[in-house]
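Chains as they are written, first to last, in my numbering: chain A, 8 to 425; chain B, 8 to 425.
Treat the hints with caution; some may be incorrect.
[Said to hold, decoys possible] Some chain A residues close to chain B (C-beta under 8 Å, calculated; not the full set):
hint: 1; residue: N55
hint: 2; residue: V61
hint: 3; residue: A63
hint: 4; residue: E94
hint: 5; residue: Q103
These are computed hints drawn from the structure, not numbers from a lab. All of these numbers come straight from a predicted model, not from anything done at the bench. Cβ atoms here follow ideal geometry from the backbone N, Cα and C, with glycine treated the same way.
There are 2 protein chains.
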Amino acid sequence: MPLLVMKFGGTSVADLGRIENAARKVKAEVARGYDVIVIVSAMSGRTNEMVGWVEATSKLYDAREYDAVVSSGENVTAGLMALRLQEMDVPARSWQGWQVPINTTSAHGAARFVSIPRENIDAKFAEGFKVAVVAGFQGVSPEGRVTTLGRGGSDTTAVAFAAAFNAERCDIYTDVDGVYTTDPRITKKARKLDRIAFEEMLELASLGAKVLQTRSVELAMRYKVRLRVVSSFEEVTDTSGTLVCDEEDIMESKVVSGVAYSRDEAKMTLLKVEDRPGVAAAIFGTLADAGVNVDMIVQNISELATPAATRAYTDMTFSLPTNQVDRARVAIEAAVAGGAFAFSELVTDTDVAKISVVGIGMRSQVGVAARMFAALAAENVNIKVITTSEIKISVLIDRKYMELAVQALHDTFELEKA
Amino acid sequence: MPLLVMKFGGTSVADLGRIENAARKVKAEVARGYDVIVIVSAMSGRTNEMVGWVEATSKLYDAREYDAVVSSGENVTAGLMALRLQEMDVPARSWQGWQVPINTTSAHGAARFVSIPRENIDAKFAEGFKVAVVAGFQGVSPEGRVTTLGRGGSDTTAVAFAAAFNAERCDIYTDVDGVYTTDPRITKKARKLDRIAFEEMLELASLGAKVLQTRSVELAMRYKVRLRVVSSFEEVTDTSGTLVCDEEDIMESKVVSGVAYSRDEAKMTLLKVEDRPGVAAAIFGTLADAGVNVDMIVQNISELATPAATRAYTDMTFSLPTNQVDRARVAIEAAVAGGAFAFSELVTDTDVAKISVVGIGMRSQVGVAARMFAALAAENVNIKVITTSEIKISVLIDRKYMELAVQALHDTFELEKA
Numbered sequence: 008m009p010l011l012v013m014k015f016g017g018t019s020v021a022d023l024g025r026i027e028n029a030a031r032k033v034k035a036e037v038a039r040g041y042d043v044i045v046i047v048s049a050m051s052g053r054t055n056e057m058v059g060w061v062e063a064t065s066k067l068y069d070a071r072e073y074d075a076v077v078s079s080g081e082n083v084t085a086g087l088m089a090l091r092l093q094e095m096d097v098p099a100r101s102w103q104g105w106q107v108p109i110n111t112t113s114a115h116g117a118a119r120f121v122s123i124p125r126e127n128i129d130a131k132f133a134e135g136f137k138v139a140v141v142a143g144f145q146g147v148s149p150e151g152r153v154t155t156l157g158r159g160g161s162d163t164t165a166v167a168f169a170a171a172f173n174a175e176r177c178d179i180y181t182d183v184d185g186v187y188t189t190d191p192r193i194t195k196k197a198r199k200l201d202r203i204a205f206e207e208m209l210e211l212a213s214l215g216a217k218v219l220q221t222r223s224v225e226l227a228m229r230y231k232v233r234l235r236v237v238s239s240f241e242e243v244t245d246t247s248g249t250l251v252c253d254e255e256d257i258m259e260s261k262v263v264s265g266v267a268y269s270r271d272e273a274k275m276t277l278l279k280v281e282d283r284p285g286v287a288a289a290i291f292g293t294l295a296d297a298g299v300n301v302d303m304i305v306q307n308i309s310e311l312a313t314p315a316a317t318r319a320y321t322d323m324t325f326s327l328p329t330n331q332v333d334r335a336r337v338a339i340e341a342a343v344a345g346g347a348f349a350f351s352e353l354v355t356d357t358d359v360a361k362i363s364v365v366g367i368g369m370r371s372q373v374g375v376a377a378r379m380f381a382a383l384a385a386e387n388v389n390i391k392v393i394t395t396s397e398i399k400i401s402v403l404i405d406r407k408y409m410e411l412a413v414q415a416l417h418d419t420f421e422l423e424k425a
Numbered sequence: 008m009p010l011l012v013m014k015f016g017g018t019s020v021a022d023l024g025r026i027e028n029a030a031r032k033v034k035a036e037v038a039r040g041y042d043v044i045v046i047v048s049a050m051s052g053r054t055n056e057m058v059g060w061v062e063a064t065s066k067l068y069d070a071r072e073y074d075a076v077v078s079s080g081e082n083v084t085a086g087l088m089a090l091r092l093q094e095m096d097v098p099a100r101s102w103q104g105w106q107v108p109i110n111t112t113s114a115h116g117a118a119r120f121v122s123i124p125r126e127n128i129d130a131k132f133a134e135g136f137k138v139a140v141v142a143g144f145q146g147v148s149p150e151g152r153v154t155t156l157g158r159g160g161s162d163t164t165a166v167a168f169a170a171a172f173n174a175e176r177c178d179i180y181t182d183v184d185g186v187y188t189t190d191p192r193i194t195k196k197a198r199k200l201d202r203i204a205f206e207e208m209l210e211l212a213s214l215g216a217k218v219l220q221t222r223s224v225e226l227a228m229r230y231k232v233r234l235r236v237v238s239s240f241e242e243v244t245d246t247s248g249t250l251v252c253d254e255e256d257i258m259e260s261k262v263v264s265g266v267a268y269s270r271d272e273a274k275m276t277l278l279k280v281e282d283r284p285g286v287a288a289a290i291f292g293t294l295a296d297a298g299v300n301v302d303m304i305v306q307n308i309s310e311l312a313t314p315a316a317t318r319a320y321t322d323m324t325f326s327l328p329t330n331q332v333d334r335a336r337v338a339i340e341a342a343v344a345g346g347a348f349a350f351s352e353l354v355t356d357t358d359v360a361k362i363s364v365v366g367i368g369m370r371s372q373v374g375v376a377a378r379m380f381a382a383l384a385a386e387n388v389n390i391k392v393i394t395t396s397e398i399k400i401s402v403l404i405d406r407k408y409m410e411l412a413v414q415a416l417h418d419t420f421e422l423e424k425a
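Excised from the complex, chain A in its bound form:
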């Protein structure tokens, strides 16, 4: 029996009416002859509510308890979806992470898949069940504790199941009808893309485009899962949405495919770090151990060693999500107290945003960075940090210029034109 994975995000299952709407889409695929694995998120707002409770209870919380709490929302949706499907005469049952089991690492709050054995779910399909409704975002650690994959982890769950069960396609149902050149709330000129390359989607996702979670795209690319982003709130046809696919399947690429932004960025700078081999490893090892997601890293020389001075110093700047600043500061202070490294001052700027342009066409075209910087300069936007990769260029700027910068870049690269 051919198999589909269908994933419904929080807004697509926000209330009982929407769960029913989603169930109808599942039933339609069953009627077309598919076995279906449905991956569900928590009802919109629920996870945030629980995260709020956890953070209000404990600032530096035990991530195992965080996971035990916030994973509960998906269990609720999975049960309700299974019930709704049963009401529509579709044989279905719900699965919590530990029941499948979805085996993950013990990295609570950011766990990674170890294995998804097929036996239990396959046995139910063999018994005549047509749909397995799986709680997204969660798994179980080797110690038997509930883990979560981090925010947006339900996308990753969907792709992992599509890979494990050799699904024909993995459809991500969400509240937008596809991937856009940029956020349509920021410019009306934003245009839906019919196709986008895995690599581009990966950059856009990691840069804050909310449509798909980074790791889900990574995983889809690695396992060649055909991934489609479609709207829960429209009639879906074969040509709906945006197909995320191999670069070869895209006829003609523009230099830049999209402009992404991330509002909740912070920048931390360690001034006058004693510059010796291993100091960067010590700093970022400390942050990684504390579960801080460091994004951009820039190192400048601040003071050269001279014959008179026995030591050289450097400034180390990195960006991270705003809500991890406290965690990072505590980890750094503890490491300094333990003698791991030393610096003169810690400067934190929680008022920045990241803007990125992305496109596989960049590889074969020079001068993209220059055009980007010129466009920002023309709007008097000061650039604080720059990083580049093969297919993207990212800058940190003052948050107040974020919308302006996105609009300027969208215009400069003519993204409104197909």
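Put chain B on the given structure of chain A with help from the hints.
Structure of chain B alone, referenced to chain A:
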């Protein structure tokens, strides 16, 4: 290390502030030298919300999915309580039912304990944890599905843990400061009891007194668990609350200890049931299989067999929770269609309430029933069904007379006097 079980109901953990208040009480017991097993309910209102979702999704729901959904609220509270205790420097972790594991039968929605192995929690106490926060109300079936024990099941969880871990005492923290002669909302004359016998508490609980759940009292009586009902919202001392204890520990009993009521009762009557051996077993077996909690049963002869008539007929009346009427009707109709039994008409009355007087003193005193019926007659309350046991007398009456009847009986038996 001596061990206490402390159970906090929904109103005692209704928000983060109350969870903190409860955690302080736990920390105080740890400071007194106890290891503590904390059993938590869902935050007040949460379970009802989820039950509402399930019932709105599916009227005759799959109880396995119901359990998967409604058990999630306790997991949230358990995690938050563990975090709050950690913040107070009390080593604590949360436990979901399947993690302990709390092994139950597969009777979803009304599962019973099979075993609570101590190994996993004992191992954590041995590691230095002082508190195990266990999600109440839930367990895991032999098939690996989440089960629930039915409403109020967290009390039962608490007593079961107290028995399994040989706890010194099981304290049930709730929003009232003990067990009263009747519901103080119905009469201001209601009086708190310092002690009550297990048997009386059992009858009061099964009759709708909301303080403790029936099965928890049963279990406490069987395993001789010292059970105490105390308020979450007062300073608790050694003499607080109501101690539920053996009859011998109560110096002097009144004839009647309390008046209980149950508002959500329905009465169903099968008219002209063909009266043959096994017909009652067929009817109530059908209802039991459908998970209907039949309470009172009354059988009257409606038509005697005569030499001319080859068959005798009987009327069969039973009471059940109002929300199980549909379920009962469907089960009965299916059984009739299958030829299990036959009757002429099904009469349903969803507008009744049950009033009971309870007291171990009744055993040695005659005329209690006559006093009860006289008191009701004096208020012109018509009695529809009567059942009695050794220490209680229950009647069904029109719901609109419920408060009046409770007040009249409280006065008649002078329950306001200690």
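Which numbered hints turn out to be false for this structure?
1
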